[in-house]
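Undergrad: Sequence:
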Amino acid sequence: MLVASALLAGCGVGGSGSSAPGGGFRPARRPASSSTSARPRARAPPPGGGGGGAPPPPAAGGVERAPELAPDQQVSITFESYNFGQAGPWTDTFEELLAAFHTEHPNITVTAQKPQGTSSNPAADTVSSLQTQAATGNAPDVAQVGFSDMGFLVDSLGAKSLDDLVGADTVQENFGGTHPFAPATTTLGQLDGVTYGVPFVLSTPVLYYNASLFTAAGLDPATPPATWAEVADAATRIVAATGKEGAYADCVTTQAKDWCLQSIVRSNGGRVISEDRSTLQYAEPPAVEAISTLADMVSSGATPKFTQQQAVEAFARGELGMILESSSLEGTFGKGAAGGGWELRGAATPSFGDAPAVPTNSGAALYVLSDDPARQRAAWELITFLTSDEAFTQIAKNIGYLPLRTGLMDSTLADWAATNPTTAINIDQLNRMEPWVSFPGEDYLQIRDGMMDAVEQVVLQGADPQATLTAAQERGQALLESP
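Numbering (our numbering), first residue to last: 1 to 483.
Fair warning: there could be bad hints in the mix.
What the hints assert, rightly or not - Straight line, CA to CA, 30 Å or less: simulated DSSO-like cross-link-like pairs of lysine-lysine: (1) K244 x K335; (2) K114 x K335; (3) K305 x K114; (4) K305 x K335; (5) K397 x K305; (6) K305 x K244.
Think of the hints as simulated: they come from the structure by calculation, not from any bench. Just so it is clear, the structure is predicted and the values come from calculations on it, not from any experiment.
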């Protein structure tokens with residue numbers, strides 16, 4: 001199941017920089033004199049440096065934009081992505097795309113690299129790799145980074161405002177074109193209304209289910225569960241009738257990170273953090289109620305006490321009736337179904353009663369870290385290419401990520417969409433999703449993982465929901481407010 005591990009990491013499911021109690025990467029704190037509230041702005045080029053010729057007009061806030069490159073101006077940039085640390089279609093596809101980019105931009109040479117580190121999942125090394133390189137002044141020019149790390153990337157590692165570098169109008173134009181980005185995705189790389197990253201790959205949570213087990217348990221596979229109460233009932237019937245496991249929500253462990261948990265809490269009317277990102281709220285009644293629902297499924301036997309990897313592997317083997325999981329795992333599950341002789345189907349994220357479910361996204365965006373004006377412009381050219389119709393078509397066909405230019409599924413990806421049973425579900429959820437919110441500050445990983453550790457204790461270990469979540473929230477809030 002190495003492929004499953006790579007996919008889990010690659011779409012932000014168990015990704016960068018875990019800081020679970022007992023070990024793991026934690027970002028180094030900046031000196032107390034630094035302010036985490038101030039957004040880094042792109043540096044102005046030195047006199048006569050970078051683009052050559054007359055300097056471009058200043059962008060908003062007095063920051064000069066990265067100048068256009070002359071056709072014969074040779075520029076070399078580095079691109080760091082966890083895709084280059086994953087064997088098979090990931091590395092192959094991106095190497096092909098970079099070759100096509102160089103054909104289109106022969107004056108720009110791109111050196112691809114995976115994050116520094118030894119983790120089996122390259123995405124887990126992303127933040128520590130960038131921080132180490134930034135400390136020596138050698139940060140990559142372009143980086144693929146998960147949405148949950150965006151706040152730290154902007155506040156502490158100097159991700160550049162794309163609105164400053166190329167102009168807000170140009171950024172918005174890139175989201176348009178013959179096949180525009182899905183509207184809900186265009187703001188995923190923003191903080192405080194400023195665009196720092198261009199969304200690149202993402203998925204939404206899908207309730208995958210084994211239609212063969214449904215039939216064996218006397219359930220109608222044509223009418224999958226739509227609410228968590230229905231999921232619990234179906235899971236109980238599967239366990240009783242087949243001896244297989246019932247249902248698993250891959251949203252409750254530190255390894256899973258919090259993108260899916262945020263969806264579950266939001267679907268019950270709560271939040272894990274306030275809209276202004278200043279106050280933790282996962283011990284408030286709506287969040288506690290949602291998390292308790294998942295805990296009740298474990299105590300009743302409807303949900304097994306599995307780790308993330310155990311659940312993914314069990315479902316792929318046909319030994320688990322349902323799993324709420326990233327849509328990036330569909331290829332893995334499809335292969336498991338074909339090999340095991342069972343039928344894979346999918347349904348939308350379950351709701352709590354009549355209230356509509358609120359899908360969130362996993363995944364990553366592309367950011368510019370370079371301080372050099374010429375490399376900044378070359379980095380922007382690479383980003384626009386990697387988020388073009390051509391690139392998204394190849395990424396979807398070869399890897400399986402949902403293309404953010406959703407109109408491609410009526411065009412170059414029509415055949416691909418027809419063979420992927422949950423495409424319509426994902427598109428619907430993509431059009432109404434809410435963003436995966438990152439925690440602010442230097443201690444964001446400890447805050448996030450402290451929350452997830454408490455959730456894991458409640459759901460899988462039977463800890464008291466209110467007391468456990470309240471204690472974790474108080475510790476997290478103290479970190480959030482620390483200077």
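Undergrad: Please go over all the hints and tell whether each is borne out by the structure.
TA: Evaluation of the provided hints:
Taking the CA atoms of K244 and K335, the gap is near 19 Å; set against the 30 Å cutoff, the hint holds. At most 30 Å may separate the alpha-carbon atoms for a hinted pair to count; K114 and K335 meet this at roughly 27 Å. With a C-alpha separation of about 34 Å, the suggested pair K305 and K114 falls outside the 30 Å cut-off, and the hint is violated. Using a Cα cut-off of 30 Å, the hinted pair K305 and K335 holds, with the two alpha carbons roughly 25 Å apart.
Of the pairs offered as hints, the one joining K397 and K305 is violated, with about 35 Å between alpha carbons and a cut-off of 30 Å exceeded. A C-alpha spacing of about 13 Å is found between K305 and K244, which places the hinted pair at or below 30 Å, so the restraint holds.
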